[in-house]
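Please arrange chains B and C on chain A, whose structure you already have, making use of the hints.
Spelled out, the chains give:
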Amino acid sequence: MLRERLRNVGSAVALSLCGLMCLCAVLPLAAMLYHVIRNGAPAINVAFFTQMPKPLGEPGGGLLNAIAGSLTLIVLASAIGVPIGVTAGVFLARASGSRGAFWVRYAADVLSGIPSIVFGVVVYELVVVPMKGFSAFSGGLALSLIMIPTVVRTTEEMIRMVPYTLYEAALALGAPDWRATTSVLLKGARTGIITGVMLAAARVAGETAPLLFTAFNNQFWNMKLNQPIASLPVQIFNYAVAPWDEFHQKAWAGSLVLVTLVLGLSILTRVATRGRYEIIQ
Amino acid sequence: MEATYSAGLRPRPQLIISDKVFNVLLGVAGAVVLALIAILGSSLAFGSSAALKVFGWHFTIGTNWDPVKEDFGALPFIYGTLMSSILALLIAVPVGVGTGIFLAEIAPKRLAEPLAFVIELLAAVPSVVYGMWGIFVIVPLMRSLQEYAGEHWSNCVLLSGPPVGVGLLTASVVLAIMILPFIAAISKDSLQAVPRTQAEAGLALGSTRWETISGPVLRYARKGIFGGIILALGRALGETMAVTMLIGNNPQITASLFRSAYSMSAVIANEFSEATGDLHTSALVSIALVLLVLTLAVNALARLLIWGVVSQSEGKAA
Amino acid sequence: MRSTLRLLVIGMVACLMLGIITGAMAQVKLNGAGATFPEPLYNRWFYDFSKQTGMQVNYQGIGSGGGIKAITAGTVDFAGSDAPLSNADLTKMPAPVLQIPTVGGAVALAHNVQGVGKQIRLSPALISGIFLGQITKWNDPKILAENPGANLPSRAITVVHRSDGSGTTFLFTSYLAAVSPTWKSQVGAGKDVKWPIGEGGKGNPGVAGLIKQIPGAIGYVELVYAAQNRLPVAAVKNRAGKYITPSPASASAAIKGALRLLKADVRSSTVNSSGSEAYPISGLTFIFVYKQPAANAASLAKLLRWTMSASAQQTAAAYQYAPLPADLIAINSNLIGQIH
Numbered sequence: 000m001l002r003e004r005l006r007n008v009g010s011a012v013a014l015s016l017c018g019l020m021c022l023c024a025v026l027p028l029a030a031m032l033y034h035v036i037r038n039g040a041p042a043i044n045v046a047f048f049t050q051m052p053k054p055l056g057e058p059g060g061g062l063l064n065a066i067a068g069s070l071t072l073i074v075l076a077s078a079i080g081v082p083i084g085v086t087a088g089v090f091l092a093r094a095s096g097s098r099g100a101f102w103v104r105y106a107a108d109v110l111s112g113i114p115s116i117v118f119g120v121v122v123y124e125l126v127v128v129p130m131k132g133f134s135a136f137s138g139g140l141a142l143s144l145i146m147i148p149t150v151v152r153t154t155e156e157m158i159r160m161v162p163y164t165l166y167e168a169a170l171a172l173g174a175p176d177w178r179a180t181t182s183v184l185l186k187g188a189r190t191g192i193i194t195g196v197m198l199a200a201a202r203v204a205g206e207t208a209p210l211l212f213t214a215f216n217n218q219f220w221n222m223k224l225n226q227p228i229a230s231l232p233v234q235i236f237n238y239a240v241a242p243w244d245e246f247h248q249k250a251w252a253g254s255l256v257l258v259t260l261v262l263g264l265s266i267l268t269r270v271a272t273r274g275r276y277e278i279i280q
Numbered sequence: 000m001e002a003t004y005s006a007g008l009r010p011r012p013q014l015i016i017s018d019k020v021f022n023v024l025l026g027v028a029g030a031v032v033l034a035l036i037a038i039l040g041s042s043l044a045f046g047s048s049a050a051l052k053v054f055g056w057h058f059t060i061g062t063n064w065d066p067v068k069e070d071f072g073a074l075p076f077i078y079g080t081l082m083s084s085i086l087a088l089l090i091a092v093p094v095g096v097g098t099g100i101f102l103a104e105i106a107p108k109r110l111a112e113p114l115a116f117v118i119e120l121l122a123a124v125p126s127v128v129y130g131m132w133g134i135f136v137i138v139p140l141m142r143s144l145q146e147y148a149g150e151h152w153s154n155c156v157l158l159s160g161p162p163v164g165v166g167l168l169t170a171s172v173v174l175a176i177m178i179l180p181f182i183a184a185i186s187k188d189s190l191q192a193v194p195r196t197q198a199e200a201g202l203a204l205g206s207t208r209w210e211t212i213s214g215p216v217l218r219y220a221r222k223g224i225f226g227g228i229i230l231a232l233g234r235a236l237g238e239t240m241a242v243t244m245l246i247g248n249n250p251q252i253t254a255s256l257f258r259s260a261y262s263m264s265a266v267i268a269n270e271f272s273e274a275t276g277d278l279h280t281s282a283l284v285s286i287a288l289v290l291l292v293l294t295l296a297v298n299a300l301a302r303l304l305i306w307g308v309v310s311q312s313e314g315k316a317a
Numbered sequence: 000m001r002s003t004l005r006l007l008v009i010g011m012v013a014c015l016m017l018g019i020i021t022g023a024m025a026q027v028k029l030n031g032a033g034a035t036f037p038e039p040l041y042n043r044w045f046y047d048f049s050k051q052t053g054m055q056v057n058y059q060g061i062g063s064g065g066g067i068k069a070i071t072a073g074t075v076d077f078a079g080s081d082a083p084l085s086n087a088d089l090t091k092m093p094a095p096v097l098q099i100p101t102v103g104g105a106v107a108l109a110h111n112v113q114g115v116g117k118q119i120r121l122s123p124a125l126i127s128g129i130f131l132g133q134i135t136k137w138n139d140p141k142i143l144a145e146n147p148g149a150n151l152p153s154r155a156i157t158v159v160h161r162s163d164g165s166g167t168t169f170l171f172t173s174y175l176a177a178v179s180p181t182w183k184s185q186v187g188a189g190k191d192v193k194w195p196i197g198e199g200g201k202g203n204p205g206v207a208g209l210i211k212q213i214p215g216a217i218g219y220v221e222l223v224y225a226a227q228n229r230l231p232v233a234a235v236k237n238r239a240g241k242y243i244t245p246s247p248a249s250a251s252a253a254i255k256g257a258l259r260l261l262k263a264d265v266r267s268s269t270v271n272s273s274g275s276e277a278y279p280i281s282g283l284t285f286i287f288v289y290k291q292p293a294a295n296a297a298s299l300a301k302l303l304r305w306t307m308s309a310s311a312q313q314t315a316a317a318y319q320y321a322p323l324p325a326d327l328i329a330i331n332s333n334l335i336g337q338i339h
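Chains as they are written, first to last, in numbering that gives the first Met the number 0: chain A, 0 to 280; chain B, 0 to 317; chain C, 0 to 339.
Just chain A, with the same shape it has in the complex:
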């Protein structure tokens, strides 16, 4: 009788411990959001989004160039990574059982596990040095390498969700193979692919390491693709390790903008995807 009581108590304790563990998991996120908002919000003002950084000693200034730079890099990375990724994803979905598909799928998996700084090193050696300059282009290229595996895997999964019979029906109606693939499979998977791309873009928006020696950084506004470009994560890093309090404030504000962007995109895509799955069922 006692042993049974002990077992029950033990079970209750263990279960509540698991609940405690869950709390421990949620707490850091809450703490981080709290600190980012508390420290970053006071430094956010209109000037932050419309002005360029001012040198030490001059009050005010903003991170306009870094925000614009990050957006530019994301668009550039998508422009390079999405066509390659989506096409490779279509290849995987169509040639699914073949040896080639196995190796491509394996390669995409391997690519997704590589630390991002390794991409930075490789792009530096292969692009920055021959080009004789740091550039937005090399930064975008490094980021696209990080995006490609995610886009490939998402595209393949989304295309596999389109009912096979629709593809067969298009063929039966006389459409050529390529037309059936693009108009039926790709179109049907379009929303899923776009959400996958947005998730990949959100991930890439926060990457710092590969940009350190490709896009470099820039005090000024720059839109030329063959020149260094500012980016939000690199600027946050520089400000965070600098000793000046006003730089720290800017770093918190930049973190707030970055976290809002990244979390906002993630939440948006997650909500959109959930709605879609319900419709299919």
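Watch out, some of these pointers could steer you wrong.
[Stated by the list, open to error] Simulated pairs of lysine-lysine, DSS-like, Cα-Cα distance not exceeding 25 Å:
#1 C:117 x C:141
#2 C:117 x C:241
#3 C:50 x A:53
#4 C:183 x B:68
#5 A:131 x C:290
#6 C:301 x A:223
#7 A:53 x C:28
#8 C:50 x A:131
#9 A:131 x C:301
#10 C:183 x C:236
#11 C:117 x A:223
#12 C:136 x A:131
#13 B:68 x C:91
#14 B:52 x C:91
#15 B:68 x C:193
#16 A:223 x C:28
#17 C:241 x C:28
[Said to hold, decoys possible] Here's a subset of chain B near chain A, in silico, CB distances under 8 Å, partners left out:
#18 33
#19 100
#20 210
#21 268
#22 287
#23 289
[To be verified] One-sided and incomplete, this derived list gives chain C residues near chain B with beta-carbon spacing under 7 Å:
#24 62
#25 198
#26 228
#27 246
#28 248
It should be emphasised that the hints constitute simulated quantities derived from the structure, not laboratory data.
As the structure is a prediction and not an experimental result, all values here were calculated from the model.
Backbone N, C-alpha and C fix where the C-beta goes; we use that ideal spot for every residue, glycine too.
Coordinates of chains B and C only, in the frame set by chain A:
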């Protein structure tokens, strides 16, 4: 019987040029993905050849990192990367698996879904923001802890060192928070893949709730959870920014948790753009190569375990 | 949802296009990288320069070593470095390089010891002892001997040094090698050395940040970093036996003390300079530029001439740097004239 994609779309005669071109295009894209791996590997191998020619395999066990005398050894960085990742796992595994158990087995669905979503958001936060938060929030806490340890447990080698705040333990704690969502998500998925019959059998035999979970259910999900842990290890090994900002950047191997260390990705981030001298640059590329090989091996191991679980559950569910 | 997404994508691409087009019409841009020693001043200079001339000069502080690497690879137009290129280094450069000193500065020993009551005094022996790891506590008898009446705590000394290749390290270790034979044989001088002990910070800002955060820390930073962060600095005993506080005046005195040697070769050592008011850890910071740059030769010359102007050198003084003596400015004008 409905055809599925797993066998591939049935090949049909490519009668028109546009179809042939289309297929070639698809093949090219696939080839590009494969080529990327080859380019990565060969670029790193080429860049590190100079250093490896000079130091040979002793590069991985050398403890000296002296840019002035041009003597390079990677051991302090390998140690730092491995130690910080293992410490991070020690913290993240109990919390992550416990969270996974809570979300999969204990919490009501209305609570579990939003909670799982919130925890996944942890994975979306950029590394540099973790690093910043670590500098301004965790480091002062760690410094107070170090001062307390210095007063009360000054004999313990593990806790020795000046109250600097940055160091191995600080980096490991923040790293643990970063890999937590992966362990929790994969544990939850693995536990949810366990057939109901396992849990019911346990209960039928008179086990308490916890005994069923820790017994038949966990045993069944063991492989997947372990795979998730290895995957998290792979991510921890490659983490750069947060570690650079928190580990102290000192290439030393000490027993103390509080002292500074250096990791492979951190030294590349700090020194790569400044490495004058071809040997220095080559040594850093060699470290990148070692890092690549390490993460590839760990990820391959994880994949082996997780794929096993997925195929198992598909078989059972059919 | 889909149409708004499409609009968003089109909008972003349009902005990108617009940016590229307007960017292509923009003014000359110069890129430089290197020492963090003069970075606060350079940022101010280039901001003023862009206001006056419309020319944008982007400078990133990645350490002197990084600057040298960048200009060797040709990825920047000019490099900043506190460590001059020796004759051996010059032969390794792909084309002839001009080394133009822009300002002088003091390497201050900043620390984080509170409540001492008076300025901490350090002799060369004490500094090398601390950085070699031989002196480990602030109330070590050797330190107390130099600082009678100071309220030094029993805290451990945490040494902070650079983790990246640094001209500031070069200046500091040159000083230590000059005053301590033990240091010279065990560690040596250079942009990046194997430090016997201590925490690594990235750039002057990183070191200043660590000193600020760690009670009991001591490290070497350019004076403006200590001043702007309100970090107390130590007075250092110079060759003449006086304890000198780092300042624009004492750095200028050090440079004047070495002027004879500098007029012959601007790369001459300025550490441990003679002169009763000289701060012993002072030096010049340089800009490296190719004699025949691949592009923007005229703009580079214009920029460098501007930095030699009286107003620019006065701004330097406001930022705690030592303006160049007239003799050096004359030498520089000569050098700048060689850029074509």
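Evaluated hints:
About 17 Å separates the Cα atoms of residue 117 of chain C and residue 141 of chain C, which keeps this hinted pair within 25 Å; it holds. Of the pairs offered as hints, the one joining residue 117 of chain C and residue 241 of chain C holds, with about 16 Å between alpha carbons and a cut-off of 25 Å not exceeded. Between residue 50 of chain C and residue 53 of chain A the CA atoms are separated by roughly 12 Å; this keeps the pair inside 25 Å, and the hint holds. The hinted pair formed by residue 183 of chain C and residue 68 of chain B meets the criterion: a straight-line CA distance of about 13 Å does not exceed 25 Å.
In summary, the hint linking residue 131 of chain A to residue 290 of chain C is supported, as the alpha carbons are separated by about 18 Å, within the 25 Å threshold. With a CA separation close to 23 Å, the supplied pair residue 301 of chain C and residue 223 of chain A stays within the 25 Å bound. Distance hint between residue 53 of chain A and residue 28 of chain C is fulfilled; the C-alpha atoms sit about 18 Å from each other, no more than 25 Å. At roughly 28 Å between alpha-carbon atoms, residue 50 of chain C and residue 131 of chain A are farther apart than 25 Å, so this suggested pair is violated.
Of the pairs offered as hints, the one joining residue 131 of chain A and residue 301 of chain C holds, with about 23 Å between alpha carbons and a cut-off of 25 Å not exceeded. Distance hint between residue 183 of chain C and residue 236 of chain C is fulfilled; the C-alpha atoms sit about 19 Å from each other, no more than 25 Å. Pair hint residue 117 of chain C plus residue 223 of chain A does not hold up; C-alpha atoms about 54 Å apart against a cutoff of 25 Å. Among the hinted pairs, residue 136 of chain C with residue 131 of chain A is inconsistent with the structure: their alpha-carbon atoms are about 49 Å apart, more than 25 Å.
Restraint check for residue 68 of chain B and residue 91 of chain C: the C-alpha separation of about 18 Å stays at or below 25 Å, so the hint holds. Pair hint residue 52 of chain B plus residue 91 of chain C holds up; C-alpha atoms about 22 Å apart against a cutoff of 25 Å. Of the supplied pair hints, the one linking residue 68 of chain B and residue 193 of chain C holds, its CA atoms being roughly 9 Å apart against a limit of 25 Å. Taken as a hint, the residue 223 of chain A and residue 28 of chain C pair is honoured in the structure, with Cα atoms around 11 Å apart against an allowance of 25 Å.
Among the hinted pairs, residue 241 of chain C with residue 28 of chain C is inconsistent with the structure: their alpha-carbon atoms are about 46 Å apart, more than 25 Å. Of the supplied interface hints, the one on residue 33 of chain B holds, with its beta-carbon coming within about 5 Å of a beta-carbon of chain A, less than 8 Å. Hint status for residue 100 of chain B relative to chain A: holds, with the closest Cβ pair at about 5 Å, below 8 Å. At a threshold of 8 Å, the smallest CB-CB gap from residue 210 of chain B to chain A is about 7 Å, leaving the interface hint in force.
Of the supplied interface hints, the one on residue 268 of chain B holds, with its beta-carbon coming within about 6 Å of a beta-carbon of chain A, less than 8 Å. The closest approach between the C-beta of residue 287 of chain B and any C-beta of chain A is roughly 5 Å, which is under the 8 Å cut-off, so the hint is satisfied. A distance limit of 8 Å between C-beta atoms decides the matter here; for residue 289 of chain B the minimum to chain A is near 11 Å, and the interface restraint is violated. Below 7 Å, beta-carbon pairs count as interface contacts, and residue 62 of chain C has one with chain B at about 5 Å; its hint therefore holds.
For the restraint placing residue 198 of chain C at the interface with chain B, the shortest Cβ-Cβ distance is roughly 5 Å, inside the 7 Å limit, so the hint holds. Violation of the interface hint for residue 228 of chain C is found here, the shortest Cβ-Cβ separation to chain B being roughly 15 Å, above the 7 Å cut-off. The interface hint given for residue 246 of chain C is violated, since its Cβ lies 29 Å from the closest Cβ of chain B, which is over the 7 Å cut-off. The interface hint given for residue 248 of chain C is violated, since its Cβ lies 32 Å from the closest Cβ of chain B, which is over the 7 Å cut-off.
The structure does not agree with the numbered hints 8, 11, 12, 17, 23, 26, 27 and 28 stated previously, though it agrees with the rest.
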